[in-house]
Amino acid sequence: AQRVTQPEKLLSVFKGAPVELKCNYSYSGSPELFWYVQYSRQRLQLLLRHISRESIKGFTADLNKGETSFHLKKPFAQEEDSAMYYCALDSNYQLIWGAGTKLIIKP
Amino acid sequence: KAGVTQTPRYLIKTRGQQVTLSCSPISGHRSVSWYQQTPGQGLQFLFEYFSETQRNKGNFPGRFSGRQFSNSRSEMNVSTLELGDSALYLCASRTGTGGNEAFFGQGTRLTVV
Chain R
393 AQRVTQPEKL
403 LSVFKGAPVE
413 LKCNYSYSGS
423 PELFWYVQYS
433 RQRLQLLLRH
443 ISRESIKGFT
453 ADLNKGETSF
463 HLKKPFAQEE
473 DSAMYYCALD
483 SNYQLIWGAG
493 TKLIIKP
Chain F
17 KAGVTQTPRY
27 LIKTRGQQVT
37 LSCSPISGHR
47 SVSWYQQTPG
57 QGLQFLFEYF
67 SETQRNKGNF
77 PGRFSGRQFS
87 NSRSEMNVST
97 LELGDSALYL
107 CASRTGTGGN
117 EAFFGQGTRL
127 TVV
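Listed in order, the protein sequences are those of chains R and F.
For our numbering, count along the first sequence from 1 and bump the result up by 392.
For our numbering, count along the second sequence from 1 and bump the result up by 16.
If we strip away everything but chain R, and leave its shape as in the complex, we get:
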């Protein structure tokens, strides 16, 4: 079955510390994976897609097919990174979502 797992519901780190949000997937074939972010009182928006291999707002994510993971990383967290983060898998015209991780950056 196709599935996306985000094991941490809540992650709290200090400003300036490294951040890693975990995402594991189950999918037969070549996955198309995304990270979406929802800041307080804002709509869901794309942060990263694995195809583009970009770094957005200092975040990167590498697809590891051997470990079926797509973890989101940032070397130095900033207070404005506090938000809800969702990992999503694109399959047959739908996005399959992880449960989301709430990231809190402490000052």
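Hints in this document: simulated from the structure, not taken from any laboratory.
Don't take every hint at face value.
According to the in silico footprint, chain R covers these stretches of chain F (three or more CB under 8 Å from chain R) [what the hints assert, rightly or not]: (1) 67-81; (2) 84-94; (3) 121-129.
For lysine-lysine, the following BS3-like pairs were computed, each having C-alpha atoms within a straight-line distance of at most 30 Å [what the hints assert, rightly or not]: (4) F:73 <-> R:457; (5) R:401 <-> R:449; (6) R:457 <-> R:401; (7) R:401 <-> R:498; (8) F:73 <-> R:401; (9) R:449 <-> R:498; (10) R:414 <-> F:73; (11) R:449 <-> R:414; (12) F:73 <-> R:494; (13) R:407 <-> R:494; (14) R:414 <-> R:401; (15) R:465 <-> R:449.
Pair ranges (Cβ atoms, derived) [said to hold, decoys possible]: (16) R:467 <-> F:30: 31 to 39 Å; (17) F:30 <-> R:458: 49 to 57 Å; (18) F:69 <-> R:402: 35 to 43 Å; (19) R:393 <-> F:46: 46 to 54 Å.
Each residue gets a CB set at the ideal place from its N, CA and C atoms; glycine is no exception.
Starting from the structure of chain R, add chain F where the hints point.
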């Protein structure tokens, strides 16, 4: 360019009633999909339309239906509302070709009492 617009933003309905939600996608986008978001179940896929054709449907009862018009605007309908239908309903707009970014609306908050 204008973003994805969902109307209404908030709805309160009584059990047994029906409701229609509307979504206007970004101009030029031909794919519209709908998701239900609840604290317990998270984000769950309802259905996706492309050029007025439903290409995929999630695991929801037949009370949930949708359609897409020739201008790509989409509506979803929920009949015989149940308390458990209370949720945030999100609409996403995409160009329609694979692997591209989904743009989301603000959502319609449905409360069933």
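Hint-by-hint comparison with the structure:
Three residues within the 8 Å Cβ limit are the bar, and the stretch 67-81 of chain F against chain R gives 3, so the coverage statement holds. Note: the stretch 84-94 of chain F has 0 residues with beta-carbon separation from chain R under 8 Å; the three-residue rule is not met and the coverage is violated. Note: the stretch 121-129 of chain F has 3 residues with beta-carbon separation from chain R under 8 Å; the three-residue rule is met and the coverage holds. Taking the CA atoms of residue 73 of chain F and residue 457 of chain R, the gap is near 28 Å; set against the 30 Å cutoff, the hint holds.
In summary, the hint linking residue 401 of chain R to residue 449 of chain R is supported, as the alpha carbons are separated by about 22 Å, within the 30 Å threshold. This hinted pair checks out: residue 457 of chain R and residue 401 of chain R have alpha carbons roughly 23 Å apart, not beyond 30 Å. Distance hint between residue 401 of chain R and residue 498 of chain R is fulfilled; the C-alpha atoms sit about 17 Å from each other, no more than 30 Å. With a C-alpha separation of about 27 Å, the suggested pairing of residue 73 of chain F with residue 401 of chain R holds against the 30 Å cut-off.
Only pairs whose Cα atoms come within 30 Å are accepted, and residue 449 of chain R paired with residue 498 of chain R is accepted, the gap being roughly 18 Å. Distance restraint check for residue 414 of chain R and residue 73 of chain F: the Cα-Cα separation of roughly 28 Å lies within the 30 Å cut-off, and the hinted pair is therefore satisfied. Of the pairs offered as hints, the one joining residue 449 of chain R and residue 414 of chain R holds, with about 18 Å between alpha carbons and a cut-off of 30 Å not exceeded. In summary, the hint linking residue 73 of chain F to residue 494 of chain R is supported, as the alpha carbons are separated by about 28 Å, within the 30 Å threshold.
Of the supplied pair hints, the one linking residue 407 of chain R and residue 494 of chain R holds, its CA atoms being roughly 15 Å apart against a limit of 30 Å. Proximity of residue 414 of chain R to residue 401 of chain R is assessed by CA-CA distance (about 10 Å); at most 30 Å being required, the pair is judged to hold. For the suggested pair residue 465 of chain R and residue 449 of chain R, the alpha carbons sit about 11 Å apart, so the restraint of at most 30 Å is met. At roughly 52 Å, the beta-carbon separation of residue 467 of chain R and residue 30 of chain F lies outside the given 31 to 39 Å, and the hint is violated.
At about 52 Å, the CB distance of residue 30 of chain F to residue 458 of chain R agrees with the hint of 49 to 57 Å. The given range of 35 to 43 Å is respected by residue 69 of chain F and residue 402 of chain R, whose C-beta atoms sit roughly 40 Å from each other. Distance hint for residue 393 of chain R and residue 46 of chain F: a CB-CB separation of about 29 Å, inconsistent with the stated range 46 to 54 Å.
In the structure shown, a violation is registered for the earlier hints numbered 2, 16 and 19, in ascending order.
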